[in-house]
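These protein sequence lines are chains A and B, in that order. Under the working numbering, the first sequence has 8 at position 8, and the numbering climbs by one with no breaks. Under the working numbering, the second sequence has 35 at position 35, and the numbering climbs by one with no breaks.
Worth flagging that the hints you see were computed from the coordinates, not collected in a lab. Note that beta-carbon positions come from the ideal geometry of N, C-alpha and C, so glycine has one too. Please note: incorrect hints may appear among the correct ones.
Partner residues aside, some chain A positions facing chain B, computed with beta carbon under 8 Å [as the list claims (entries may be wrong)]: (1) Gln-134; (2) Ser-137; (3) Ala-183.
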Amino acid sequence: MRALVLAAALLLGGCPWQQVVSPYDEVIDKGIVEFYEEFNLFVKDVADAAGKPEGTYEANTKKYNVLDTKLDVLILRARSRSQGEGCKLEAKVYEKVAKLLPNDLPAEVRPEGQNAAGDANACNTRLLELVKRQLNSIRTIHSKTDKCGPRGQEISCLRKASSEDALSIANQSINAVSVVEAAKRN
Amino acid sequence: MANAEEIFEEMMDAGQNAFGAGWTAVSKYAPAEFRKMAVQIQAIAENVAKYQIDDREGYSPETAKILMKMQRDACESVLVATTQLTLVAVQKAMDAMYDVLRKAFKGVVEAVL
Numbered sequence: 001m002r003a004l005v006l007a008a009a010l011l012l013g014g015c016p017w018q019q020v021v022s023p024y025d026e027v028i029d030k031g032i033v034e035f036y037e038e039f040n041l042f043v044k045d046v047a048d049a050a051g052k053p054e055g056t057y058e059a060n061t062k063k064y065n066v067l068d069t070k071l072d073v074l075i076l077r078a079r080s081r082s083q084g085e086g087c088k089l090e091a092k093v094y095e096k097v098a099k100l101l102p103n104d105l106p107a108e109v110r111p112e113g114q115n116a117a118g119d120a121n122a123c124n125t126r127l128l129e130l131v132k133r134q135l136n137s138i139r140t141i142h143s144k145t146d147k148c149g150p151r152g153q154e155i156s157c158l159r160k161a162s163s164e165d166a167l168s169i170a171n172q173s174i175n176a177v178s179v180v181e182a183a184k185r186n
Numbered sequence: 001m002a003n004a005e006e007i008f009e010e011m012m013d014a015g016q017n018a019f020g021a022g023w024t025a026v027s028k029y030a031p032a033e034f035r036k037m038a039v040q041i042q043a044i045a046e047n048v049a050k051y052q053i054d055d056r057e058g059y060s061p062e063t064a065k066i067l068m069k070m071q072r073d074a075c076e077s078v079l080v081a082t083t084q085l086t087l088v089a090v091q092k093a094m095d096a097m098y099d100v101l102r103k104a105f106k107g108v109v110e111a112v113l
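Whenever a hint applies, use it, and build me the whole structure from the sequences.
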């Protein structure tokens, strides 16, 4: 019993209780919800205007920059708490997925040794960076690959079908940030 | 004062309860997201097929290529979130167990230290 009390004394007084996840961050939680609303509304509006001058990429570059900057602010906040170790997947998750997707899994998420989860704050940063990549991909579709209008007079646009699929995919990345913050909050 | 066995049982209960709630979040989240991915990949293939019949419908293979890259990024998001949700559950279990220890030994530890 005496040993147990001493162990408890050490545990409670001597060593800090290990944090395996970054603490809940209200700014990121609310920020990503606001981003979701603004981004979804924007993409739907742009798709509705496909084929019209107001639906071109050139007419909407400012809005892309606003959305991009909002994400940069959230990324900066998450990154400022990170210790630069990078975000790693849990080893067992990585093993299973690596078997399914042998050539498609990004090397940076590979767990190294026992430090499988890497830096918990870096995972928050990574989730937000992935949302930024999604925004940039939609920007590329809008500016380069989607075209509307009569042959020979095509203009840049975001087609209805592209916008629906792109939004559905991008929302998975946004949802990932939101779900993790909600789990920490509850 | 509670004995070690009682404390152990209480800690295990607290941990299991916390981890249980966390695991429910993971098990609901991950399969639903992977199902969405499967549906999405099928939709991409269908839209390219529509475009190849009539280029005013669906979207081009170039757009599809970017959408597939987006889907790969979304997959990474889901995997990172799943790992994080598991870790949140572990953290809650650890916190719950620590809380039991802290309450059980508070008086004794204060006397020892």
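**Hints the structure fails to honour** = Failing hints: none at all.
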